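For reference, the chains in residue letters:
There are 2 protein chains.
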Amino acid sequence: MARINDNYRKLKAGYLFPEIGRRVAAFQKESPDAKVIKLGIGDVTCPLVPAVVEAFRAAVDEMGTSDGFRGYGPEQGHSFLIDLIREHDYASRGVSIDADELFVSDGSKCDSGNIQEIFGTDNVVALTDPVYPVYLDTNVMAGRTGEAGDDGRYAGIVYLPATAENGFAPEPPRAHADLLYLCSPNNPTGAVATKAQLERWVSWAREHDAVILFDAAYEGYISDPSLPHSIYEVEGAREVAIEFRSYSKTAGFTGTRCAFTVVPKAVQGRAANGEAVSLNALWSRRHTTKFNGVSYPVQRAAAAVYGAEGKKQTREIIRFYMENARLIRAGLGAAGIQTYGGENAPYIWLRTPGGLSSWDFFDRLLRGAHVVGTPGSGFGPSGEGYFRLSAFNSRQNVEEAIARVARVRW
Amino acid sequence: MARINDNYRKLKAGYLFPEIGRRVAAFQKESPDAKVIKLGIGDVTCPLVPAVVEAFRAAVDEMGTSDGFRGYGPEQGHSFLIDLIREHDYASRGVSIDADELFVSDGSKCDSGNIQEIFGTDNVVALTDPVYPVYLDTNVMAGRTGEAGDDGRYAGIVYLPATAENGFAPEPPRAHADLLYLCSPNNPTGAVATKAQLERWVSWAREHDAVILFDAAYEGYISDPSLPHSIYEVEGAREVAIEFRSYSKTAGFTGTRCAFTVVPKAVQGRAANGEAVSLNALWSRRHTTKFNGVSYPVQRAAAAVYGAEGKKQTREIIRFYMENARLIRAGLGAAGIQTYGGENAPYIWLRTPGGLSSWDFFDRLLRGAHVVGTPGSGFGPSGEGYFRLSAFNSRQNVEEAIARVARVRW
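Residue numbers (our numbering), protein chains in the order written: chain A, 796 to 1205; chain B, 796 to 1205.
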């Protein structure tokens, strides 16, 4: 019989969000009248902005005409979008990215999950803890770890605890690592790396010949002008970092699907025979062999994000969400709950009151305030005792959620 | 330094279509006035049909409203589309597929490339030769092969030559294999498996505990009512086969991107400890971990293919392409060139005249008739001496191409 990939069996059965779904469903069965407000999953709630809808619709119409119809596009993305990314996301911040260093895709989840394929299975992976589960799970599936221990940690992974004690900004590890995942603005902690912090990571990577996999899916939420939006704003990062970006959170594309990845030609890995090999060539081979490009109308929709109207409209939505974040932080603070993040990121990370476990707090928040959030322990062992709330909801729901939280005795 | 996945280095450098592109560009530089007609790459040319455009546009408009906006959908696909697939693609042909056996994706290239991940690297892979390159390349990248030999064949792969001598329908191998890729209607040969042939494959797979990876991306081109559209029309296939389907060729979605994969819960693989494991559960884990669903408006566009108008309009386009195919077959036949396929598939596979190699015929066709096709040898060693033409072009271009071919002395 065909053998399965046994590494999949190392994955823990219950993924975070299905377990949340189960508990919410059970509660709603008991209390069918309770109006549950969801601040759990990091999914946007505002509609696509008018400039995006207009471009999207125009491209759909084009697809219905003989002259405008487009079949297969370049797997790497249409040049009209690539040129806009180069100009608005990079050149405007002093970073020069070549067209063939950019790969348009249907999502950062896919890209940050697939990137590990171009690396050997013998590399040591370092992750912050808590972490976006996709980085870990895809390495487990590829066989870069042993089994998970009782503490939830997989053998072979270098975990970098991110806690209140280190400001959710762990220092580079002393232990050896070849691949490091960084996410800034961070999901789930909402922490944002300063330029000085990124400089330390880049210099660590250069010293250790490691590759940094930098997830900047939330960069659109940065308002502090001193904070870097791209790791390439740090000198030398082009030789050691791959960067992931997405329209999901910056332009409400979670249901529309468009993202991109930057693989500079200067980033290298080592072949078995000792030769240095360009990771750009490997990713290009991966992307063109296993992917067939993003829907043409979706790429036109993404391009509209860079127009004057598109920029203005998407920024307004981000401002709206960030006002939600401010209200949540203030409301929780007034209720005596310590919060972190939520200033340059749409996530508020909180310390559970009274030493509650993450899941106990989940249950109390659900039963006491009919509010759903995400238990910090679901993102890794060091997330225990923390909890994530997202700023993605209507103003009315956010205000109502805060009012309910204030009424609970924690 | 981070180690690369060395398996990528086993891949042959020049992929087929870039080499075609280079030769065409060189010719056009020499002969800038030549009007080159492309019957090479298998990309559709007719616009999206009105019913699809209408549904696509309506869903885009929905995304711009507070009530209609959709964020993340289920990674497996929206139920409105899954239900239509179950009814129209399967129940209508007497096949019962459960909703959780269906996985909507952004392309069959992706799915047929990614499916191998859920299997161990120690499985033996069998492929017809010639073959769609993605099946082979993704297994090379995963390390299921040795190096390629001088004959272009990778060590460890079981090749099943498909030639005129066996009617492009190789019999199941005597050599052991665990995973078998079948494509019917076939790309590149245009051959379509009969029910009796599929029965032989299913019974072989059951006997050998092998899994069949069945690519039916071109099933929409079948007009002969005796031919099966799905491998599940064969009894017992549910226990041994995974099927790939796509809207790319049936509804002109090559630039729009939607497809689906069926993984019946009864198909199993073997874990290292001997336990039988459901492949459906493994693919579900893969799909939900590394993919984030297809764009909502695109899924609505795909759903419109099943409406009365959508069906009628897409069938008309297929009829149009198949009349192109008939004209190409007739024209080549009149020119004394032996053709195959092109009756229930949009590809015409031809034997190169005068014993020309596939690339020599490519050059003569380009220089003599200014027509571009695809050298059979690009699909595998047994494709040498054959050539693929596609029916995807305007009637005028097809007629002009045939007229020019007729004027060449082969």
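Do not rely on the hints blindly, as some may be mistaken.
Identical chains share a label here; the pair holds if one copy fits it or two copies do between them.
[Stated by the list, open to error] Derived lysine-lysine pairs resembling DSSO-like cross-links, with alpha carbons at most 27 angstroms apart:
#	residue 1	residue 2
1	1106	824
2	805	824
3	807	1106
4	990	1106
5	990	1060
6	824	990
Hints were generated in silico from the structure; no laboratory data involved.
Keep in mind that this is a model prediction, so the values were computed, not measured.
Status of each hint after checking the structure:
1. When the C-alpha separation of residue 1106 and residue 824 is checked against a cutoff of 27 angstroms, the pair qualifies neither within a copy, at 43 angstroms, nor between copies, at 41 angstroms.
2. Taking the shortest Cα distances, residue 805 and residue 824 never come within 27 angstroms of each other, neither inside one copy (33 angstroms) nor across copies (56 angstroms).
3. In this assembly of identical chains, the alpha carbons of residue 807 and residue 1106 never lie at most 27 angstroms apart, being 41 angstroms within a copy and 43 angstroms across copies at closest.
4. Within a single copy, residue 990 and residue 1106 get their C-alpha atoms as close as 25 angstroms, which meets the 27 angstroms cut-off; across copies the closest is 56 angstroms, which misses it.
5. When the C-alpha separation of residue 990 and residue 1060 is checked against a cutoff of 27 angstroms, the pair qualifies only within one copy, where the shortest distance is 23 angstroms, while the shortest distance between copies is 50 angstroms.
6. Within a single copy, residue 824 and residue 990 get their C-alpha atoms no closer than 49 angstroms, and across copies no closer than 49 angstroms, so neither meets the 27 angstroms cut-off.
In the structure shown, a violation is registered for the earlier hints numbered 1, 2, 3, 6, in ascending order.
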